[in-house]
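Novice: Take a look at the letters that make up each chain.
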Amino acid sequence: MSFLDQHLLSSLILLPLLAAVVVALLPRESVGLQKLVALVSSAAVFLVSLKLLGGFQATAAMQFKETLPWLPEYGIAYRLGIDGISLWLVLLTTFLTPLCLLGSWQGIEHRQKEFGVFMLLLEAGMIGVFCALDLFLFYIFWEAMLIPMYFLIGIWGHERRIYAAVKFFLYTMAGSVLMLVAFLVLYRESGLRTFELAVLAQSPVPPALQAWLFAAFALAFAIKVPMFPFHTWLPDAHVEAPTAGSVILAGVLLKMGGYGFLRLAIPLFPQAALDFGPWIGLLAVIGVVYGALVSLVQPDLKKLVAYSSVSHLGFVMLGVAAFSTVSVTGAVYQMLNHGISTGALFFMVGMLYERRHTRLIGEFGGLKNVIPWYAAIFLMVCLSSIAVPGFNGFVGEFLILLGSWSYDWRLVAAASLGVILAAAYVLWMVKRVLYGEVTNPKNEGLRDLSARELCVLVPLVALALFMGVASPLFTRTIEPAVAGLVEQVRAQQQGAPSAAQAPVTAPAPGAVAEGH
Amino acid sequence: MPNLELQPVLPALVVALTGLVVLLATAFTPKGRRAPALELAALGLVGALAVTFRVAAHARGSSTGGAVVADDFALFFHFLILAVGLLAVLLSPAYLRATGAERGEYYTLMLWSVVGMLGLVSARELIALFVALEIMSVSAYALAGLQRDRVESQESAIKYFITGAFSSAFFLYGVALLYGVSGSTRLSVIARAVADPPAGSATLALLGTGLLLVGFGFKVASVPFHAWAPDVYEGAPTSVTAFMAAGVKAAAFGAFLRVFLEALQPLRQDWQPAVAILAVVSMVLGNLGALAQSNLKRMLAYSSIGHAGYLLVGMVARGPVAAEAVMFYLVGYAAVSLGAFGVLAAIARDGREPLSLDDVAGLGERRPVLAAALTVFLISLTGVPVSAGFVGKFQLFTAAVGAGYTSLAIVGVLMSVVSAYYYLRVVVAMYMREPVEGVEWAPTGLPARLALLVSVVVVLGLGVYPGPALAAARQAASVLAGAL
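Line order of the protein sequences matches chains W and X. Using this note's numbering, the letters of the first sequence map in sequence onto residues 1 to 516. Using this note's numbering, the letters of the second sequence map in sequence onto residues 1001 to 1484.
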């Protein structure tokens, strides 16, 4: 067996790093070559990542595991592995990165070399976060990833880019440093002298301490998601970032919040997760409705998409808070959906911006008559975003709402309001941008999508449709992992003496298959 | 008299003699020709490193009359200090030329300051330690004032000298009181005496400990004994500032560790809360102070006060992890401060160096490699992975939390977030702002490039693969009785 096969996950992390070094060493003048190397290598990473699908078993176990001793005195090792939850997030990352590089082929007009380098570094960091099974390693990737993102926003962003970049960095760092202290307290209290996630999750610390540690973790992840009221960095960062930055932010970085809850916070502190669950659910639903209401009144397309993310991620967190097999499967699925449809939306807003240098909805109107291809795809992406049946979003939201009903029907009822509001703000926006007469003469001469732009958008739309009709192909691998996680956590919650509430029984695995 | 073994002082001897040779070479070089001071100094330091290797291999644990030892602890710091000296020497020539301060005695003073540092970390006896402290400090005072035509440089030297003399007096008084308790200046005897003080001298021991704490507090620039640092760091020639931030801090912490964990370990109950307070106020005031600075050297000076605070966190925590964490952190911090000040020094031109954010604006575009190096240093100072600074902070805070000082760790990480703000300002200026017209910096010379490259490699290397350095620090720390 080749090195690649035995160290598939390491290869996925190392390849972009290597490519970043290569791009950095290319001569400054050969801009075309720099872009090409970055694009080709990220596409190669995607192809390599597809090998994961081939060898993946639909069980709850961690797979493709790798372990290398690193700091044995501290019980720190380079531990990688993926299960059905992280598998798809890794694939989402490797899928979106080449599209971002292709999509920014022309939009990035200066310092293309650094752009390629930072995108590739970011990719390595993101994959690392989803594969790390050691708290120390996780934290390294988690924090290191901030730096390329900070540069992407700060160098290639729009007018208020510096403010947005610094705000993004400080917010995220402030959230995560307390998590670091929580790691250390956990390390001390567990007495196991290891940072290995699986071992620590086997023997939870006393409930009183769990609450504090969970709070520290939850703060870090809630900022990342972002959950209301920790979302204020998001509109700035999303709006000011260049298109590729917004796509990666929305597509992958936000997923890390939900992923962090599922992978770290809940398994490590099952009792606290149970106690805090209702509050997380409440904040999630507030986020759903609040994000939707703010989207409704946005005059700026990019802001609208940004706030819609707050709303969509609220759904995800509702599924996580309810913590049944169905709801969490839905949450994971919805994370993927959001990555695809919101990623596509940011791409399309960016394309419009490249043509008109404005993002104000009021500047547009009747685009369907001028750029029909753009209009058709835009409409499809919007339908996917508002979860119309047949598109991916429907499956995710349905599973979340279904799986959360027995947890607290009031939350589900309130969140359903968000579904309606989403249709309202998106369709109203579509009407104002695409339909009607061309009122603004500046819009008359717009050119339609180029072949390159179609290459970016068609895979996304195709995947959105495919995930809408062929969801079992995906849930087949997600569900066993989620079921295993839910079972493990429920077992510990029952084992520990607690007062909060009776645990929700996990529905039979077959329930997911009925969801569509 | 016990047998006099010279091995432990051999490296220091080599450096001291090199200093003399440099001085003579400068004196006898005809006017108008350049003395080979840089080459000689570098050669001497490399020679001293080689000698240290030999001592480590053949004479580990030997001692010169029990006063100066070559134990693992001393050897660890010897390597560090000699490397710091070498890098500082490499950073100097271009800067001295650009600012017109090129003098032979510069290198001699730097070498002699290194001699003091070497003695400081290997002394197991307080008089020897004090003499070493003075050798280091007096050379540093003179170095700070070497740019005679710059009033800031003179101010720096005077300020450094007066506060330094004060702190020496505190230190010496502390030594005297401990002598009163134990009848000896040897660390091992003091340790026995303070563990079970003779009747009526318990207070004396505490007073002596307090005075030593003040003395070390001055030298490592911890709040409230920090007031000299910003002015001195700002006024001194930048290559000297780099040397002080990296070398003086490391050597002073080395002596601090040895005295407090070896001689004063029995009084830990008493000094630990005091050091904890110093740690907190240093972290908070150092970082908040840096926030308000517009001058880069001053900003880095305040940040160095903050870093003294992080290091003190490691002094508070008990157990072997703490001492080794402090030592590991010192290595990373030495590389980072040499690098950060070194970048400023490396591109000085016509008596000017980059001091404001305007001065570094657009550096990312004009000097991509240099800007990338400075970014690495700033990231490490912030404590973001992948860097020595992150691993170092991780270990310090692990030690603190492990010892039950979770609150110290929380203050520490929050202050790291504050520090991110002012370090990022520099990165913002370099990468996200347009260059200011008319600002043109000198190309980086080969010696400086080499020094900066080494610093970057160390910072990233310790961030990715800290194992060997940590193991060395652990072995070194195991010498200290109180670290166990």
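Since the hints were derived computationally from the structure, they do not count as laboratory data. All residues carry an ideal CB built from backbone N, CA and C; glycine is no exception. Do not take every clue at face value.
To be verified - Partial selection, computed: residues in chain W whose CB lies under 10 Å from chain X:
1. 69
2. 70
3. 73
4. 102
5. 105
6. 107
7. 109
8. 150
9. 169
10. 173
11. 178
12. 353
13. 355
14. 417
15. 419
16. 421
Claimed, not checked - Once the Cα atoms are required to be at most 20 Å apart in a straight line, the calculated SDA-like pairs of lysine to any residue come out as:
17. W/65 / W/4
18. W/431 / W/472
19. W/442 / W/299
20. W/431 / W/414
21. W/167 / X/1288
22. W/442 / W/432
23. W/65 / W/33
24. W/167 / X/1468
25. W/368 / W/389
26. W/431 / W/470
27. W/167 / X/1083
28. W/368 / W/356
29. W/431 / W/229
30. W/167 / X/1271
31. W/368 / W/293
32. W/167 / X/1050
33. W/167 / X/1418
34. W/167 / X/1149
35. W/51 / W/33
36. W/442 / W/390
37. W/431 / W/356
What the hints assert, rightly or not - Computed from the model, here is a short list of chain X residues facing chain W with C-beta under 7 Å:
38. 1168
39. 1170
40. 1172
Novice: Any hints this thing doesn't respect? Which numbers, in order?
Specialist: 4, 5, 6, 7, 12, 13, 14, 15, 16, 18, 20, 23, 24, 25, 26, 27, 29, 30, 31, 32, 34, 35, 36, 38, 39 and 40
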